[in-house]
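Asks: Put together the whole structure using the sequences plus the hints.
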Amino acid sequence: MSKQLIFCVILTIFMGRNLSVAVLQCERIAVPVCQGLGYNLTAMPNLAGHITQHEAEIMMNELEPILETKCSKQAKFLFCATMFPLCSPEVPRPVPACRNLCETVRNDCSEVPGVWPKFLDCDSLPQPGNNELCMQIPQDRDVEQPASAHQGPNLWPWLNLKVPNTHLFKLPSVATCPVNFTLSFDECVPLCRADALFTARQKKAAETWILVLAAICFLFTLFSLVTFWTETTRFGFPERPVLFLTLCYNLLSICYLERIVFHNRGLEIFDGDTNSGVCEVNPPCLASYITTSYLTLSAASWWLIFGLCWYLSTEKQWSSEALERKSGLFHVMAWVPPLAPPIGALLWGAVRPHELTGMCTAPGFTEIPALALLLIGTVLIILSAMSLHRLQHSCHYEKLQQMMTRILIFGGVYFVPATLAIVLSFFEHREPLVKICQPGDTCAPPEKASSAVSLARLFFILFGGSLTGIWVWSRKTCNSCRSRISATPAPCVVIKSTTASLPKCKFKGSLASASVTAPLFSTPHQTASISVHSRV
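Residue numbers for the sequence shown, in mature numbering (1 follows the signal peptide of the UniProt record, and there is no 0): -20 to -1, 1 to 516.
It cannot be assumed that every hint is accurate.
[What the hints assert, rightly or not] Straight-line Cα separation of at most 25 Å, PhoX-like style, residue types lysine-lysine; simulated pairs:
no., residue 1, residue 2
1, K53, K98
2, K50, K98
3, K428, K53
Hints in this document: simulated from the structure, not taken from any laboratory. On a predicted model such as this, the values are computed, not experimentally measured, just so you know.
Replies: Here it is, written out as structure tokens:
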């Protein structure tokens, strides 16, 4: 019974906290005299009991005589903080000025008789020592707040909320941000739908670039997939993982095409309830990030499995049947673990929209594990090629040299673009730091960022993905396509095994039973002679 009671109390507190945050309706400060003071959102009613901003503006006009006397430099901030208290969707109530700020202004203006407003009772304002939320102006404009002072508990971290957990907001008196930026607590962040870091021309060029590359990747990978699925007997293990590697990039190209065709920009939907202008990640953008991150990691996993299969075939001499029996384990390895990084990015609150592409990213959550998988798979590929080289050196058989060359070419075609894309992504996420403008400073906007790094990264992802199907690009594939299109049947390839064995060579495992398309062998201790007969 006591456990149930405790649970109900905790649930009530939790729901009450969220309800209070939801009820608080923030609105942008519309009175010009109180704009640009370090915050731009307020909520009514205020401490004077005003219901609308118009009523508060009338009172501000009545307080104009005090401001004209210039008895205190902090008077304007105090009156604006009283008439228009700070509002944030992450705190349960409006944040007024601190008591010590009010007392300072009152003492400074005590020599001016009969002008102090009756409604402004300093004793009723919050006091920092009581762990109450309030605002005051720092005495030194160079005061720096520690990073942890602006980050509190986060009930829903995937929304990337910042909840101040200290008793005090310290804001510059007339702090502003450059054009196309807005002040979010202690930093300037880009406005939604604004050309803050990139120009409109750069964004349009990026959309065209993505559309062309995604279309090429989709067509090339689709052709490879059709070839795989129509001639499955040609592509068994250890080359079967290439099929699923190509499938990942085909689906990845569809995600990029969906972004362009349906204009699903992560920056288009912002926090409409508060009208703060600060970008919020919308659900379609989150779904796009999860899909692209998952497919990228799955592709890297299939690359590792591709290298593992060849390593087991060449070094450990596993047969194709043995690898086929492990196919279920390979699928679990490739499709299940890649779910962890995107889910971790959501829970950590690291997902954010990218202004140039309009897609969501989470720096480091996808790139680091993908790079690790690529490196491990490449090491296995190199070991497999070395094993083939030793075998070819002892056998002097030309087909082994062709096979080794084929593996190395395919490995280079995939590994180099994929690695370059990951390296460029680390440079891409380095956004310029926009400082808050202090009084007297030239509040110039930062220089526009270059889009070359982002465009190069997209090129290596999509065009490099287009080449994953290079494994099936052979003369036999062309003949097969020609036979399906043409009315004349193509020659039939028949394998005849001979008993002449190669000197000093013993072939085991999948090397003895690989498909004809790869330069492998048909049976152990036998050479394969190919004769051509016409189909009847």
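Asks: The structure should be examined with respect to each hint, and the outcome stated for every one.
Replies: To see whether the hints hold, each was checked on the structure:
| no. | hint | verdict |
| --- | --- | --- |
| 1 | K53 <-> K98 | 20 Å, holds |
| 2 | K50 <-> K98 | 19 Å, holds |
| 3 | K428 <-> K53 | 36 Å, violated |
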